[in-house]
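Q: Residue numbers (this note's numbering), protein chains in the order written: chain A, 1 to 220; chain B, 1 to 220; chain C, 1 to 220; chain D, 1 to 220.
None of these hints come from the bench; they were simulated from the model.
Values in this document were obtained by computation on a predicted structure and should not be read as measured data.
Idealized CB from N, CA, C, for every residue including glycine.
Please note that a few of the clues may not be correct.
Unchecked claim - From the structure, some residues in chain A lie toward chain C, with a derived Cβ separation under 7 Å:
| # | residue |
| --- | --- |
| 1 | Y71 |
| 2 | K123 |
| 3 | A125 |
As the list claims (entries may be wrong) - Heads up, simulated BS3-like pairs for lysine-lysine below, C-alpha to C-alpha not over 27 Å straight-line:
| # | chain 1 | residue 1 | chain 2 | residue 2 |
| --- | --- | --- | --- | --- |
| 4 | C | K123 | A | K122 |
| 5 | C | K127 | A | K84 |
| 6 | D | K166 | B | K115 |
| 7 | B | K115 | D | K115 |
| 8 | A | K122 | C | K184 |
| 9 | B | K190 | A | K176 |
| 10 | D | K220 | C | K176 |
| 11 | D | K127 | C | K184 |
| 12 | A | K127 | C | K84 |
| 13 | C | K115 | A | K112 |
| 14 | C | K122 | A | K123 |
| 15 | A | K115 | C | K190 |
| 16 | B | K127 | A | K190 |
| 17 | B | K127 | D | K115 |
| 18 | A | K115 | C | K112 |
| 19 | C | K176 | A | K122 |
| 20 | A | K115 | C | K122 |
| 21 | B | K123 | D | K123 |
| 22 | D | K220 | B | K123 |
| 23 | A | K112 | C | K112 |
| 24 | C | K190 | A | K122 |
| 25 | B | K115 | D | K51 |
| 26 | A | K166 | B | K127 |
| 27 | B | K115 | A | K176 |
| 28 | A | K166 | A | K220 |
| 29 | C | K45 | A | K84 |
| 30 | D | K127 | D | K166 |
| 31 | C | K112 | D | K51 |
| 32 | B | K115 | D | K122 |
| 33 | D | K176 | C | K190 |
| 34 | B | K112 | D | K166 |
| 35 | C | K176 | D | K51 |
| 36 | D | K166 | B | K123 |
| 37 | B | K166 | B | K190 |
| 38 | D | K166 | B | K122 |
| 39 | D | K166 | D | K197 |
| 40 | D | K115 | B | K122 |
4 protein chains.
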Amino acid sequence: MKLFLVLLLLVLLTAFGTTQKKKRVIFFGDSITQAGANAGGFIGKIDSMLKKNNNDNYELSGAGISGNKVYDLYLRMEDDVLNKNPDIVVIYIGVNDVWHKRTSGTGTDADKFEKFYYAILKKLADKNIKAIVCTPAVIGEKNDYTNEQDGEINRYSNIIRGIAVKNNLPLIDLRKIFLAYDVKNNPENKDRGILTKDGVHLNETGNQLVAEEMMRMILK
Amino acid sequence: MKLFLVLLLLVLLTAFGTTQKKKRVIFFGDSITQAGANAGGFIGKIDSMLKKNNNDNYELSGAGISGNKVYDLYLRMEDDVLNKNPDIVVIYIGVNDVWHKRTSGTGTDADKFEKFYYAILKKLADKNIKAIVCTPAVIGEKNDYTNEQDGEINRYSNIIRGIAVKNNLPLIDLRKIFLAYDVKNNPENKDRGILTKDGVHLNETGNQLVAEEMMRMILK
Amino acid sequence: MKLFLVLLLLVLLTAFGTTQKKKRVIFFGDSITQAGANAGGFIGKIDSMLKKNNNDNYELSGAGISGNKVYDLYLRMEDDVLNKNPDIVVIYIGVNDVWHKRTSGTGTDADKFEKFYYAILKKLADKNIKAIVCTPAVIGEKNDYTNEQDGEINRYSNIIRGIAVKNNLPLIDLRKIFLAYDVKNNPENKDRGILTKDGVHLNETGNQLVAEEMMRMILK
Amino acid sequence: MKLFLVLLLLVLLTAFGTTQKKKRVIFFGDSITQAGANAGGFIGKIDSMLKKNNNDNYELSGAGISGNKVYDLYLRMEDDVLNKNPDIVVIYIGVNDVWHKRTSGTGTDADKFEKFYYAILKKLADKNIKAIVCTPAVIGEKNDYTNEQDGEINRYSNIIRGIAVKNNLPLIDLRKIFLAYDVKNNPENKDRGILTKDGVHLNETGNQLVAEEMMRMILK
Numbered sequence: 001m002k003l004f005l006v007l008l009l010l011v012l013l014t015a016f017g018t019t020q021k022k023k024r025v026i027f028f029g030d031s032i033t034q035a036g037a038n039a040g041g042f043i044g045k046i047d048s049m050l051k052k053n054n055n056d057n058y059e060l061s062g063a064g065i066s067g068n069k070v071y072d073l074y075l076r077m078e079d080d081v082l083n084k085n086p087d088i089v090v091i092y093i094g095v096n097d098v099w100h101k102r103t104s105g106t107g108t109d110a111d112k113f114e115k116f117y118y119a120i121l122k123k124l125a126d127k128n129i130k131a132i133v134c135t136p137a138v139i140g141e142k143n144d145y146t147n148e149q150d151g152e153i154n155r156y157s158n159i160i161r162g163i164a165v166k167n168n169l170p171l172i173d174l175r176k177i178f179l180a181y182d183v184k185n186n187p188e189n190k191d192r193g194i195l196t197k198d199g200v201h202l203n204e205t206g207n208q209l210v211a212e213e214m215m216r217m218i219l220k
Numbered sequence: 001m002k003l004f005l006v007l008l009l010l011v012l013l014t015a016f017g018t019t020q021k022k023k024r025v026i027f028f029g030d031s032i033t034q035a036g037a038n039a040g041g042f043i044g045k046i047d048s049m050l051k052k053n054n055n056d057n058y059e060l061s062g063a064g065i066s067g068n069k070v071y072d073l074y075l076r077m078e079d080d081v082l083n084k085n086p087d088i089v090v091i092y093i094g095v096n097d098v099w100h101k102r103t104s105g106t107g108t109d110a111d112k113f114e115k116f117y118y119a120i121l122k123k124l125a126d127k128n129i130k131a132i133v134c135t136p137a138v139i140g141e142k143n144d145y146t147n148e149q150d151g152e153i154n155r156y157s158n159i160i161r162g163i164a165v166k167n168n169l170p171l172i173d174l175r176k177i178f179l180a181y182d183v184k185n186n187p188e189n190k191d192r193g194i195l196t197k198d199g200v201h202l203n204e205t206g207n208q209l210v211a212e213e214m215m216r217m218i219l220k
Numbered sequence: 001m002k003l004f005l006v007l008l009l010l011v012l013l014t015a016f017g018t019t020q021k022k023k024r025v026i027f028f029g030d031s032i033t034q035a036g037a038n039a040g041g042f043i044g045k046i047d048s049m050l051k052k053n054n055n056d057n058y059e060l061s062g063a064g065i066s067g068n069k070v071y072d073l074y075l076r077m078e079d080d081v082l083n084k085n086p087d088i089v090v091i092y093i094g095v096n097d098v099w100h101k102r103t104s105g106t107g108t109d110a111d112k113f114e115k116f117y118y119a120i121l122k123k124l125a126d127k128n129i130k131a132i133v134c135t136p137a138v139i140g141e142k143n144d145y146t147n148e149q150d151g152e153i154n155r156y157s158n159i160i161r162g163i164a165v166k167n168n169l170p171l172i173d174l175r176k177i178f179l180a181y182d183v184k185n186n187p188e189n190k191d192r193g194i195l196t197k198d199g200v201h202l203n204e205t206g207n208q209l210v211a212e213e214m215m216r217m218i219l220k
Numbered sequence: 001m002k003l004f005l006v007l008l009l010l011v012l013l014t015a016f017g018t019t020q021k022k023k024r025v026i027f028f029g030d031s032i033t034q035a036g037a038n039a040g041g042f043i044g045k046i047d048s049m050l051k052k053n054n055n056d057n058y059e060l061s062g063a064g065i066s067g068n069k070v071y072d073l074y075l076r077m078e079d080d081v082l083n084k085n086p087d088i089v090v091i092y093i094g095v096n097d098v099w100h101k102r103t104s105g106t107g108t109d110a111d112k113f114e115k116f117y118y119a120i121l122k123k124l125a126d127k128n129i130k131a132i133v134c135t136p137a138v139i140g141e142k143n144d145y146t147n148e149q150d151g152e153i154n155r156y157s158n159i160i161r162g163i164a165v166k167n168n169l170p171l172i173d174l175r176k177i178f179l180a181y182d183v184k185n186n187p188e189n190k191d192r193g194i195l196t197k198d199g200v201h202l203n204e205t206g207n208q209l210v211a212e213e214m215m216r217m218i219l220k
């Protein structure tokens with residue numbers, strides 16, 4: 001009888017172990033996501049928060065590359081995302097598509113931004129991978145709409161919002177969240193230093209804010 | 001003798017009347033001001049409104065040239081403004097300083113925009129000519145801050161607002177006025193057709209609005 | 001016996017006829033290639049020249065879309081090229097990758113241009129499709145290196161020349177051919193009207209020149 | 001009597017010697033000229049070479065400011081040039097007018113470049129100050145016309161050459177001189193390090209070359 005119980009336990013444990021596969025989450029993006037995988041980055045923060053809550057159901061990994069635009073993600077989807085069989089992909093792209101227009105004349109046309117975004121989503125949908133989309137947060141943290149490319153980053157955020165609605169996708173509206181935060185917490189109207197180090201890349205507070213928003217959406 | 005005095009008085013009054021020189025107002029700017037001098041433009045509209053009110057004290061003339069930026073105004077000040085001995089100069093510049101950054105890579109750096117603006121004001125002040133300054137209205141009429149260069153036009157407007165405050169100059173804040181108008185009257189969030197023909201150049205309604213704002217400030 | 005030989009001949013001819021499949025050639029590019037498929041375009045001209053020479057071995061078709069850059073080709077390869085099982089693909093891309101840097105801030109970084117070019121070539125090689133590559137011809141026809149983007153179009157042409165050498169691919173060096181032609185035939189150093197209508201898109205002479213160069217390389 | 005005449009002659013010669021005012025030369029330009037006034041810069045090198053030749057007839061001074069374009073020179077002419085009563089002004093401008101098109105969208109339109117250049121020359125001519133003009137040397141030292149802005153720097157150099165011819169002005173064709181030097185001395189086709197430190201600003205060799213060319217023209 002004792003032996004029977006031990007064996008039963010073993011069977012149950014095995015069954016539990018095999019059925020409860022961890023959900024694989026890939027964060028797919030540019031230098032912000034690349035830094036998110038570094039010490040103090042938002043990916044590590046999400047991981048820590050999950051562990052604190054004894055949630056061991058997720059396996060997180062970063063797939064961010066500096067300078068990436070939407071079509072760069074498309075080019076490396078097979079290698080960096082699909083071949084790794086993720087359950088969830090958090091797409092956080094768009095800053096360089098706007099920013100590089102001014103810095104190097106190599107941004108992305110709005111219509112092509114949307115086209116490539118859809119092409120990425122289609123490849124994920126074809127493999128039944130859940131996509132979570134994010135709007136690009138900020139290029140400059142001034143909160144009175146005087147950052148040089150505010151108009152464009154608003155416009156590209158609107159494109160992503162539209163995509164989310166049409167495809168019924170979970171949206172993390174970082175643009176909206178960052179603007180609201182900066183209105184409250186940037187009384188001197190500085191262009192950096194609130195949620196970013198340089199107007200674009202996240203500081204400690206920014207990484208924490210993004211981590212919280214992303215975790216909430218991943219757990220939904 | 002009494003008659004003589006009465007006649008003398010009449011003669012003096014008449015003389016005074018004729019010598020009461022009209023105030024010369026020059027509108028100094030770019031293609032928007034150039035078009036403002038055409039049929040249906042805001043300069044003609046101001047003139048008509050003044051006449052309707054039997055106000056014959058102003059002589060208006062346009063000095064707008066298509067494609068002008070702030071340094072172009074500076075270059076042609078002597079010929080087109082100072083040599084004409086105006087009493088008032090309405091400066092309406094800034095759209096091309098921003099716009100040409102995107103269209104041809106030849107906009108104006110913000111710090112140099114301010115520097116040349118001050119250089120113009122100094123030349124006017126040296127001749128005791130009253131300056132009235134305007135913020136650039138719009139490059140695109142969408143009212144949710146998604147026009148491509150909204151961030152920049154807001155920034156350059158802020159520069160002009162700062163100049164007006166520091167120099168105690170009358171300011172016609174067309175940027176603010178147009179935004180408020182577009183929020184009320186552009187429910188479909190179109191990028192043109194409310195106050196402009198093409199997102200930049202004034203239509204009938206835009207010319208009327210500008211005319212009213214400018215007249216009000218000139219009469220102050 | 002005679003009849004037998006005649007019949008045998010007929011059978012062989014028929015067999016020869018059916019097995020000798022026409023070679024399918026796809027011209028893959030931007031608006032220049034799109035126009036190349038129109039009346040008077042270089043694709044039709046190649047077709048006519050082949051027919052004049054009683055060469056019935058090729059089936060030509062255009063796959064050019066206005067505004068395309070290298071990554072746009074990559075995005076639509078399956079639909080517009082691979083699914084049509086071509087034997088030869090003539091890749092003529094690069095003008096917009098350079099040109100749009102200036103016109104709209106949305107050109108292609110040199111390193112990414114090369115990366116996507118290789119990605120296209122890899123997909124063709126994987127299916128044993130022969131690739132013929134072309135350098136971008138001109139953005140402006142002045143022959144003294146004073147066209148605004150001469151430096152860049154030379155640079156991107158060098159990238160394609162390097163790719164051709166490294167991959168042992170046939171190269172149609174339109175950049176070199178056009179420059180040589182313009183040096184000889186553009187004594188007034190005009191920016192358009194020699195081989196192009198507008199500095200970029202081919203006129204009759206340009207289409208003829210491109211047709212001859214491409215036919216020569218296809219027949220090799 | 002004879003003695004008297006000899007003495008008189010001596011006195012007159014002495015007087016003539018002291019009244020023979022040194023020729024004042026101002027170098028008017030951007031950061032390249034600004035650095036030219038630093039230790040090891042071309043202005044000091046000209047000064048040293050003159051002294052070595054016992055030529056004490058020139059007084060040299062620099063008026064270069066980093067980031068300056070042609071209209072910045074125009075704005076500060078009175079303060080930095082005219083008020084100092086120079087005999088000769090060496091104008092070395094144009095690099096930023098081209099370069100900033102790409103780096104910040106704030107270059108100078110070709111037609112306005114020419115217009116402001118003429119405005120500067122007019123002010124000098126009005127005061128009988130001799131102008132020596134220079135073409136902009138390089139933005140990138142590759143010698144096969146693949147530097148990004150080669151087309152433009154050639155074009156703006158042509159504008160200055162045209163101005164020199166039309167106004168019969170001495171021209172130091174640095175563009176031509178640098179290209180010839182780089183063809184001979186840049187066998188690896190590097191983009192910097194031959195005559196410049198960074199593709200734009202002069203190294204030791206570049207300063208020496210510019211010094212020699214300028215001295216030759218000043219002494220003419």
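Q: Evaluate each hint against the coordinates.
A: Structure-based check of all given hints:
| no. | hint | verdict |
| --- | --- | --- |
| 1 | Y71 | holds (4 Å) |
| 2 | K123 | violated (11 Å) |
| 3 | A125 | violated (16 Å) |
| 4 | C:K123 to A:K122 | holds (20 Å) |
| 5 | C:K127 to A:K84 | holds (25 Å) |
| 6 | D:K166 to B:K115 | violated (32 Å) |
| 7 | B:K115 to D:K115 | holds (20 Å) |
| 8 | A:K122 to C:K184 | violated (51 Å) |
| 9 | B:K190 to A:K176 | holds (22 Å) |
| 10 | D:K220 to C:K176 | violated (42 Å) |
| 11 | D:K127 to C:K184 | violated (46 Å) |
| 12 | A:K127 to C:K84 | holds (25 Å) |
| 13 | C:K115 to A:K112 | holds (18 Å) |
| 14 | C:K122 to A:K123 | holds (20 Å) |
| 15 | A:K115 to C:K190 | violated (38 Å) |
| 16 | B:K127 to A:K190 | violated (38 Å) |
| 17 | B:K127 to D:K115 | holds (26 Å) |
| 18 | A:K115 to C:K112 | holds (18 Å) |
| 19 | C:K176 to A:K122 | violated (41 Å) |
| 20 | A:K115 to C:K122 | holds (23 Å) |
| 21 | B:K123 to D:K123 | holds (17 Å) |
| 22 | D:K220 to B:K123 | violated (39 Å) |
| 23 | A:K112 to C:K112 | holds (16 Å) |
| 24 | C:K190 to A:K122 | violated (47 Å) |
| 25 | B:K115 to D:K51 | violated (40 Å) |
| 26 | A:K166 to B:K127 | violated (62 Å) |
| 27 | B:K115 to A:K176 | violated (35 Å) |
| 28 | A:K166 to A:K220 | holds (19 Å) |
| 29 | C:K45 to A:K84 | violated (49 Å) |
| 30 | D:K127 to D:K166 | holds (19 Å) |
| 31 | C:K112 to D:K51 | violated (54 Å) |
| 32 | B:K115 to D:K122 | holds (23 Å) |
| 33 | D:K176 to C:K190 | holds (22 Å) |
| 34 | B:K112 to D:K166 | violated (31 Å) |
| 35 | C:K176 to D:K51 | violated (50 Å) |
| 36 | D:K166 to B:K123 | violated (32 Å) |
| 37 | B:K166 to B:K190 | violated (36 Å) |
| 38 | D:K166 to B:K122 | violated (34 Å) |
| 39 | D:K166 to D:K197 | violated (34 Å) |
| 40 | D:K115 to B:K122 | holds (23 Å) |
Checked against the numbered hints above, the structure breaks hints 2, 3, 6, 8, 10, 11, 15, 16, 19, 22, 24, 25, 26, 27, 29, 31, 34, 35, 36, 37, 38, 39 and satisfies the rest.
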